[in-house]
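**Student:** Note that the protein sequences, when read in sequence, are chains A and B.
For the first sequence, the numbering used here assigns the number 1472 to the initial residue and increments by one for each residue that follows.
For the second sequence, the numbering used here assigns the number 1472 to the initial residue and increments by one for each residue that follows.
Everything labelled a hint here was simulated from the structure, so no lab data went into it.
Check each hint, because a few of them may be wrong.
Identical copies carry no separate label here, and so any pair may be met within one copy or between two of them.
Said to hold, decoys possible - With a straight-line Cα cutoff of 30 Å, these simulated DSS-like cross-link-like pairs (lysine-lysine) come out:
(1) K1483 / K1620
(2) K1529 / K1479
(3) K1483 / K1610
(4) K1620 / K1479
(5) K1761 / K1479
(6) K1610 / K1479
Quick caveat, the model's predicted, so the values are computed rather than measured.
Protein chains: 2
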Amino acid sequence: MGEFDLIKRYFKREPRRAALGVGDDCALLQSAPGTQLAISSDMLVEGRHFLSTVDPRKLGHKALAVNLSDLAACGARPLAFTLALALPRVDEAWLDAFSEGLLALADAHDCELIGGDTTQGPLNICITIFGEVPVLEGKSQALLRSGAKPGDDLYVSGTLGDARLALEVFRGTLSVPAPVFELARSRMEQPTPRVALGLALRGIANAAIDISDGLLGDLGHILQQSGVGATVEVDLAANRVAARSLCTSSAGLPGSQIALEQWRSWALAGGDDYELLFTAPVAARDLVAKAAQSSQTAVTRIGRIEQPSGLRLVDSQGQALPDNHTSFDHFT
Amino acid sequence: MGEFDLIKRYFKREPRRAALGVGDDCALLQSAPGTQLAISSDMLVEGRHFLSTVDPRKLGHKALAVNLSDLAACGARPLAFTLALALPRVDEAWLDAFSEGLLALADAHDCELIGGDTTQGPLNICITIFGEVPVLEGKSQALLRSGAKPGDDLYVSGTLGDARLALEVFRGTLSVPAPVFELARSRMEQPTPRVALGLALRGIANAAIDISDGLLGDLGHILQQSGVGATVEVDLAANRVAARSLCTSSAGLPGSQIALEQWRSWALAGGDDYELLFTAPVAARDLVAKAAQSSQTAVTRIGRIEQPSGLRLVDSQGQALPDNHTSFDHFT
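Please construct the entire structure, taking both the sequences and the accompanying hints into account.
**Tutor:** Spelled out as structure tokens, the structure:
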């Protein structure tokens, strides 16, 4: 199968929203009046972002999910994406499953594939995604990293640290009962982009980011770009590890022997969570709760933004805890 | 150096046109009223699209040039691009030169870097580029592959086949004098995207494509998508190999011994030319000449679009020539 047959068979569909889709030198996309385009690119490399053994259907899901998560963090409505794909060889079963997983998630978010590239090379998946953000009275409604204000509550969506737990099992450094592993593995391989929550938080949240490199590292970007500091109550985050709840509710599971410090570390610096970390005024607590409800997404308040710069970690008694967590960096 | 320092040092600049550039979850780009966005992605892989020994400055140029060429083929004005980069390691000298070559060409086309991704992995460069096309009275002014009409002249810009000649020298299948190789090598490593010509051809050309996989292969896309056929006078294309002119003008050069059939093959199916192949009505010949002049780009008429489907190759006497040329395909 040649390059053009491959595109036609697995990836070409009739454009619905785009003025022109796959098959010309460029795709054509027209923004609605009074909107701007939110654009993000993510590149996934075998061995770095996914294991070579991963189910290609789940990989297709994840490749788009991490991009949708960036739109969610900006409060942008998904519109379209391009896919550039380097493949070692044409493997029809792999392409079948990969494209199914990819396009199923795309359909769920009404986000259409409008173009891209295919080439031979070490497996590499690069998606660039486009979303729409309203501009009201000249002001973008996008959620940014730079808007956090002293006094804001700090929130996180969903669950934390499970992807890292699964990675440790894959690495062989940890052994957990099958139900715990399956739960964690699904969070690692098929993260849920919090698009509905991001949309619901427009006009409510002051700042937002998606957690890809670990909660504290990504919080650092908000603090730096907003020129503020924060206090995080560590165990409110550590309680958000879904696998931990499972261990706790099944006291006989050996996983319940995992030390508190370990849960804390996975929650604060695990990486690959694709949850939203955001800040909002104390006066907006009811609105945040409503946004969580309308988007059917759990939201947990884990701390507060403060004037003094720097990050302070405390336990449930308010006692200071050391910050010895390092976030994920591809080059260090 | 970590991922964020790397981005800051080599790739982060103040946005001029974008509402938000590098450094948040998404970039924000607002289209001008009455325009649509032309979008294209190209992925370059070491060993497929460039040799591992290439000067990184030239690689930076080429990575953006092949994307600008897609905008040119649509008649789109360059606006912005994202860069996703997988690097085996952080090599500061390499990054210095690569970013210089990339950003110099970006500046020359007033096309700004607004976001992207960096990760560790086998060297891979994925650029997604954004251009602007006017929409007049509800009709996009983009040049498409599908607009060719029977009777149209068929034109090609610039020069053909030199990149392939250089590749053959690198492969060791050919030996040519140094001046011939240097000329061909610069065409292979630093192609010139025909952006100004593409813009000048809006409203004049009926169809256009950029030649990346070889003239005949890319012409095939125009014919198929327009539902037409064509006759190409082969030696009008073969005369456009710049290295051939150099050989001819320096009769003592051994390169002048290269057979006519070889020049024809490189011109028709060499690949990596990044010239524009376009069609326009016979009545528009003066306008095409003016577009060539205003964009300071050579344009050569090499054939004609016809009603009967299929591709016919002829010599200067109108005698049929066999088409035994195959265009480049990454998977066959």
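**Student:** Indicate, hint by hint, whether the structure satisfies it.
**Tutor:** Hints and how they fare:
no., hint, result
1, K1483 / K1620, "between (45 Å within a copy, 25 Å between copies)"
2, K1529 / K1479, "within (22 Å within a copy, 33 Å between copies)"
3, K1483 / K1610, "between (36 Å within a copy, 24 Å between copies)"
4, K1620 / K1479, "between (49 Å within a copy, 25 Å between copies)"
5, K1761 / K1479, "neither (43 Å within a copy, 38 Å between copies)"
6, K1610 / K1479, "between (41 Å within a copy, 26 Å between copies)"
The structure fails hint 5 only (numbered hints given earlier).
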